[in-house]
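2 protein chains.
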Amino acid sequence: MYDGPLDNLVKLIASLPGLGSRSAKRIALYLLTHKEGTMLPLARALQECADAISECERCGNLDTAQPCRICRDQARDTRTVCVVATVADLWAIERTGSYKGRYHVLGGVLSALDGIGPDDLSIDTLMNKIQQNDISEVIIALSATVDGQSTAHVLTDHILDIKGDVKITKLAHGVPIGGELDYLDDGTIATALQSRA
Amino acid sequence: MYDGPLDNLVKLIASLPGLGSRSAKRIALYLLTHKEGTMLPLARALQECADAISECERCGNLDTAQPCRICRDQARDTRTVCVVATVADLWAIERTGSYKGRYHVLGGVLSALDGIGPDDLSIDTLMNKIQQNDISEVIIALSATVDGQSTAHVLTDHILDIKGDVKITKLAHGVPIGGELDYLDDGTIATALQSRA
Numbered sequence: 001m002y003d004g005p006l007d008n009l010v011k012l013i014a015s016l017p018g019l020g021s022r023s024a025k026r027i028a029l030y031l032l033t034h035k036e037g038t039m040l041p042l043a044r045a046l047q048e049c050a051d052a053i054s055e056c057e058r059c060g061n062l063d064t065a066q067p068c069r070i071c072r073d074q075a076r077d078t079r080t081v082c083v084v085a086t087v088a089d090l091w092a093i094e095r096t097g098s099y100k101g102r103y104h105v106l107g108g109v110l111s112a113l114d115g116i117g118p119d120d121l122s123i124d125t126l127m128n129k130i131q132q133n134d135i136s137e138v139i140i141a142l143s144a145t146v147d148g149q150s151t152a153h154v155l156t157d158h159i160l161d162i163k164g165d166v167k168i169t170k171l172a173h174g175v176p177i178g179g180e181l182d183y184l185d186d187g188t189i190a191t192a193l194q195s196r197a
Numbered sequence: 001m002y003d004g005p006l007d008n009l010v011k012l013i014a015s016l017p018g019l020g021s022r023s024a025k026r027i028a029l030y031l032l033t034h035k036e037g038t039m040l041p042l043a044r045a046l047q048e049c050a051d052a053i054s055e056c057e058r059c060g061n062l063d064t065a066q067p068c069r070i071c072r073d074q075a076r077d078t079r080t081v082c083v084v085a086t087v088a089d090l091w092a093i094e095r096t097g098s099y100k101g102r103y104h105v106l107g108g109v110l111s112a113l114d115g116i117g118p119d120d121l122s123i124d125t126l127m128n129k130i131q132q133n134d135i136s137e138v139i140i141a142l143s144a145t146v147d148g149q150s151t152a153h154v155l156t157d158h159i160l161d162i163k164g165d166v167k168i169t170k171l172a173h174g175v176p177i178g179g180e181l182d183y184l185d186d187g188t189i190a191t192a193l194q195s196r197a
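Those protein sequence lines, which keep their order, are chains A and B.
Per this note's numbering, residue 1 is the first one in the first sequence, and the count goes up by one each step.
Per this note's numbering, residue 1 is the first one in the second sequence, and the count goes up by one each step.
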């Protein structure tokens, strides 16, 4: 019964991450009953963001400026590059306010299961960046998953191949702030013990 | 750092039912990395639905047609009206395919806590509809909540005041199909026992 435009809208909403067909229907109904307040402003905001925001050609961040604000910020340390898998990870690190270098967004991590190989990620541009610029430290900030760590391993090998004197660091593993020991997995506790300081 | 258009987009997405600022950020990022496939089609679909879909002036359903397809369907029983709180409820009943009468969308239920009084709902138009048309049965299909049931009570009184010979029915209470007795609340089991057949 909901053929045509509404069916199309529900399908598009259901394709967003974290939403299914039930929540999509609920959202579509909410939008239709809040046309002036939410639906039309949302349509305009989507169009506006699609027009205004693009991938930074230097680091892969998403911004209205090209290159992005982080790449243009002369106050930031240009000799340190933090390698992240996604823009979401970049934003997560920026949120902390504790990093003042540049970034490089890989676009994912190597994954045999998901069929993601080196050509699907921006590994070549990272290597060019490291080779052509005066980079002293590369921080590999990938997730502590099997895929993330094997990608980190591959990247470390690559980087040392082309520039032996660059410092390569990784995020520390350990007990999360506010984390209760009792609820932590054994691997994390073991790592935290080994890396004690 | 996400000022301007992106911040606005995230806020609008976060205002949708079931979404918060974290999931909104995740969705916004997904949209920005799927511009052609999802973001622009979604913007167009929102605009299209906002233009094409409106509230049926007879029953309150949302449809591209005016009056809606249900109100125009001559094969449906015009003497039976099913009163629902929201369009979502109307769609839920339509999904079953087991009702062939007309509808009336109240726009909510009476609620002292939420400050929703009789003037906020389309009770007057329902009464006019019952008075002016040849209605033989009114099915009050409101939720089995305190507010839903007290609204049903008020409606029943009103309807009997203006038309004493109309049949007023409610949805049956009982064990949901596929429901395990052990997980059901006592009230439902007691009701199902009393209404046994």
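What the hints contain is simulated information worked out from the structure, not anything from laboratory work.
A couple of the hints might just be wrong.
To be verified - Here are the simulated lysine-lysine pairs, DSBU-like style, with alpha carbons at most 30 Å apart: (1) A:K167 x A:K129; (2) B:K25 x B:K35; (3) A:K11 x B:K25; (4) B:K25 x A:K35; (5) B:K129 x A:K35; (6) A:K25 x B:K163; (7) B:K129 x A:K11.
>> Which constraints among the numbered hints does this structure fail? Numbers only, ascending.
In response: 6 and 7
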